[in-house]
Amino acid sequence: MATRTAGRSLGCVPVGCRRGALAFVLVLVALTVPAFAGPAEQAKRIYQRIAGTPPTADVLTSMINAINASPGETGLVNAAAIATQAPGFYNETLKTWVTPWTNRDGTVFAPLNDYTATVIGMVRDDVPFNTALSADILYTVNAPGLPAVSAANNDHYATAEANGVDLSTALVQTTQSGTYGLPSAATAGLITTRAAAYAYFINGTNRAMFRFTMINHLCNDLPTLMDTSRPTDRIRQDVARSPGADSRVYLNSCIGCHAGMDPMAQAFAYYNFDNNSQQLVYTAGSVQPKYLINSQNFPYGYVTPDDSWSNRWRGGTNTWIGWSASLPGSGSGAKSLGQEIAASDAFAQCQVTKVFQAVCYRTPLASDATTIANLKASFESGGYKLKSVFQQAVASCAGQ
Amino acid sequence: MSVIERIMDSKAAPRLAGTMVGLLKACAALVLAAGLAACTGSSGPATVVNQPTTNNATANGYTGPPPQNAAIQAFEVQFWSNIRGTDRCGGCHYAGGQSPMFARSDDVNAAYAAALPEVDVTNIAQSIFVTQVASGHNCWLADPGACALTMQQWIENWLGGEAAATTSIQLVPPPSQPVTSGKVFPAATDTANLDNFEQDLWTPILRNFCVDCHRPDSPTAQSPYFASSDPAQAYSAAQPYIDLNNPPGSRFVERLADELHHCWPTVAGGAPDCPGSAAAMLAAITAYANTIPITQIDPTLLLSQQVSLTQGTVASGGSRYDGAVIAKYMFETGQGDIAYDTSGVSPEADLTLSSSTNCSWVLGWGVGIGAGCKLQATTAGSVKLANLIQPTGEFSIEVWAAPANVAQTDAWIVSYSGSDTTRNATLGQNEQQYMGLTRSSNTDTDGMPPLLTSATGMFAQAALQHIVLTYDPVNGQRLYVNGTYTGDVDPSKGGTLANWDNTFALVMGSEVSGKEQWQGSIKFAAIHNAALTPAQIAQNFAAGVGQRYYLLFDVSALSGIPSSYIVVLASQYDNYSYLFTNPTFMVLNSTSAPAPFTIAGIRIGMNGAIVGQGQAWSTVSTTVGGSAYSPTTGQLLSSVGTVVESDKGAASDMFFLSFDQFGSKTHTYVDPTVPSSAPEVVGSTTQPDVGVKTYAQLNYAMSAITGVPMTDTVVSTLYNTQQQSMPSTAQIGAFQSSQQMAISQLASAYCSELVANASYRDAFFGTALDAQLTATAGSFFGSAANQSIVITPLVAKVVGTGVSPATASAIQTELPSLFATIPTLNSATTVATATQAACTAVLGSGALLFQ
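Protein chains in written order, with this note's numbering: chain X, 1 to 400; chain S, 1 to 851.
None of these hints come from the bench; they were simulated from the model. Do not rely on the hints blindly, as some may be mistaken.
Interface residues of chain S toward chain X, partial, derived using beta-carbon atoms under 10 Å [unchecked claim]:
#, residue
1, S223
2, Q239
3, P240
4, N405
5, G483
6, T484
7, D488
8, T581
9, S652
10, T668
11, V674
12, A730
13, V798
What the simulated footprint calls covered on chain X by chain S, stretch by stretch (three residues with Cβ under 8 Å from a Cβ of chain S suffice, anywhere in the stretch; the number is not a length) [to be verified]:
#, region
14, 46–53
15, 91–100
Cβ atoms here follow ideal geometry from the backbone N, Cα and C, with glycine treated the same way.
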């Protein structure tokens, strides 16, 4: 018992001080270790970055063998493929990677939810990720002792995490329409998960869903997307045209976002997160009142009649996004908008860049441009499999 | 005694009932319209009548023949008594004086006959009485505009609101004016121009002072990218912020001069100098603009004729309900330090602007209120408010106001008060709530408790809003925003206003002391001595505010239909822009609809160039004519309005419209191809190639290594409280020393559970420790073989076998040292404690943390 007590002590008793000092010494030692390059070191590095924990001796051996069997990138990727089988890849690395996308604060300190679980499941099952913003897809957890999945709470997923359920095996693919009762045509992948709705359809004007989709899936916030040259006909009435009695602010700043954002965020006109029922509400054919609030701020502004959307950023300064020429650039509802976004070059670029940062621990350098381009090309041509991107990305920074 | 005289003598019942007023006003209007047709005497009930709007209403001192009918009686009370004084029209237009003798005091009936020809009943604003004083003819105020508005108010009171409401707008075509030339930006392919841009503006200014953010490859990239390293991209991005025709109006200059945005030192080592920066920017833009010649507008464009704001037809048809107005401010003066009370009710409670710098006139009628500004009337002028409101027991404060922000608290928009703590009535803003403080028999002298609109309603917005505070004895205070009752109930309703103090002063923008500052702009204010009804408030809201014009853009040449126009309702929206709404195709002087044709892609142009921002009608595509067209109202082309930035000012700016398609004529609009590049996604500096495990990975790894499940109570409890103290990201640059403490604590918890639990312990260390846990560490770990019981599995599981030999070696060196030191610190330390210490030292070290 005395041992347990000592173990929980947070004070700096002499022994504790000593081991703290020793840990510090070992920190310095670890920092002085060069990023050297034998197959064993490469294998360990790959595994740790993918699975978040040191490999067992057996796993390390199999990875070393894979590297030795196919020298060069192929061997490293094959070794990474072993690492991506580890539960830690799904339970920790992917969970930590995705969680900030699911809340406005961008915090990693949030429980597992249906958004995160769905991404993890799509990665595990190699579901084409360009359907992530449009598919009728959902992953639930098949494990004992969990509350049933509910459209009204997150208990199912939070409990699964608290119970330490192995997500590499327990996730089960299903549909939002079947689980939540959302019409299939109204499903839009991650956009219509409960967690996304809770974060971005709650209160406000639903513009948050558009903005955070840009941040999380195009890797750009609105300040880098502003374009004041776009037509202003679909800027809603609630946007003051003379904030603080200075219309220059509107003309030179507000327009930059709203002229492009409002016509696209109109795709979410039938969605709302109901605070009372704590679940996503979809009112087919009926525009949510939040789209019509503060109408007297500018009575001559746009009055949203339906959920039709139009991508005005196909022209102007945002053509770099690389919108798909095979899509019309307009439509109705969240599903087709999700397809528009996910079919862009910027979407693919964003995903591979996020993966690179997740496993290489740094922003890509100019010297990484070829690597990023290759990752993107492989991602697009290979069926948008994120797991492959993880394997290729970690191989690119496995050390030499 | 006439009905009205009886009524006006009745202090107990000073309000006009709507039906009676309507009848009287209708009669007056009808008389004028029909040329003195009979409308003699009202046969209606002797309803209580409201005519509190003038102290001169009883025509004091008049001894001539009584008015022959009700119409003349209205003339006497509402108009004649106000103008017959010797300091006004009566100084000249008296009996025997200058003709017409409408101000004669000997015979009101004769005065009435003389006055009638001077009134335009279909457009009161164009009455000779109004236009004469507007031109300065014997105006009794410093501002002829205020005289005109006051005169107009008297006539409207005389004729009644119905007359004004029935006013029809006679659209007057402007002179035919083809679109004039102006300076336009040459194409980006014009290398000579691009060179000029680089030399004059891009190199010395944009790439020098704006480059930290406004380039796509900046770590803090901020669109627009006018400081891009690609001059062509920078050129395209910079155009909206350069006014070639009026360089001082360039946004680049305003941003520095007015908004102090990232100014730079203009002398070496100096502080940022905004005036100097703005001057340098202006000089650079001017130099560049001077390289661009005035060019003919593209002749292939489909253009209307051009028109200026003041060439439009005044849209004066909006009818307000002002039947109980006792003070009225339209802020039309635009200069000086007096905002005139144009209610026509004496004494005038003119407002004095307290500061020429903190108070500013807003174009298109209004006044801006900044910190340190208030507008205050004298107590002598304000006395009428109490005197006229107390008898009715009701009032309304009505404003069109635009709060500067929704963060200001206890900010008084309009107040009728004596000090910071004594008032009769106040309309204020408290963040996104409006508030009313009316002193009554149910409140204290400060008007407390107040009426506050609900916080969740967020009624106050930083936009132009119509706000009305009403008070009546039954409902107490009510607040209406943009024509709608907020639904908030006065906690002190049911009181009387008998304790009002008529020595207080009317003030706007703050308390009389200057405290409780409100910032924003007021474009209209009125005080009524009646609680306006919801319908009247809705009517006044619908009437709008400010001066508006119908601009007639001649498109006859495009349509092939003579006198065909696109009619647009336009106004000065604020000091910086115009508001354009209701684009309507209309053929004047025609009773038939044109054959259907298409109008598409409407763009607003100004001073020879298409406006860059705010094109809300460019997506219009509609069929005009046929059954969709009305010969009387035309055909609305878009329900959306738009705001465009002014250039040279209302007096000079010339507007026109361009079209992508007009009937069979087309001009394909090509969205300009602008250089487009993705914002920076690559790092600009070499970064560490190593990272740290995140909190979740550490937890997972420690569990995997020790075999202690994450759900272990001791571990999970500590983890849940300490996880946010551990690394949230793998980036080593974000690692903090304090995080190491949390990591060590978690490692200690895992090691504690590892050593204490036999199954975990045996799986990790084997069974050799089981019998030695309570032995002293000094004796047991004096043996290298016993040390290896602990060290070997720690190295194997944390570092791995055959990898990271330097790390393994370091651990194998340091742990024996630890075992040797522990007994010197406490000779009674047990094997269990020492084992836990060794485990914690390794598990919480960089060997696991770094990857």
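So, going through the hints one by one against the coordinates:
The closest approach between the C-beta of S223 (chain S) and any C-beta of chain X is roughly 4 Å, which is under the 10 Å cut-off, so the hint is satisfied. Contact between Q239 (chain S) and chain X, as hinted, is supported at the beta carbon level, the nearest pair being about 9 Å apart and thus within 10 Å. For P240 (chain S), the suggested interface contact is upheld, since its CB lies about 6 Å from the closest CB of chain X, less than 10 Å. Checking N405 (chain S) against chain X by beta carbon gives a least distance of about 6 Å; that is within 10 Å, so the hint holds.
Taking 10 Å as the C-beta contact cut-off toward chain X, the hint placing G483 (chain S) at the interface holds, the least distance being around 8 Å. Taking 10 Å as the C-beta contact cut-off toward chain X, the hint placing T484 (chain S) at the interface holds, the least distance being around 8 Å. Annotation: interface hint on D488 (chain S) violated; nearest CB of chain X at approximately 17 Å, more than 10 Å. Contact between T581 (chain S) and chain X, as hinted, is supported at the beta carbon level, the nearest pair being about 5 Å apart and thus within 10 Å.
Proximity of S652 (chain S) to chain X is violated relative to the hint, the smallest CB-CB distance being about 18 Å (cut-off 10 Å). Given the 10 Å rule on beta carbons, the hint for T668 (chain S) is violated: about 14 Å separates it from the nearest Cβ of chain X. About 5 Å separates the beta-carbon of V674 (chain S) from the nearest beta-carbon of chain X, less than 10 Å, and the hint is met. Interface restraint check: A730 (chain S) against chain X, minimum CB-CB distance 5 Å, threshold 10 Å, status holds.
The interface hint given for V798 (chain S) is met, as the beta carbon of that residue sits about 6 Å from the closest beta carbon of chain X, less than 10 Å. Under a criterion of three residues with beta carbons nearer than 8 Å to beta carbons of chain S, the stated coverage of the region 46–53 of chain X is upheld, 4 such residues being counted. Remark: the region 91–100 of chain X is confirmed as covered by chain S, as 5 of its residues place a Cβ nearer than 8 Å to a Cβ of that chain, reaching the required three.
Checked against the numbered hints above, the structure violates hints 7, 9, 10; every other hint is satisfied.
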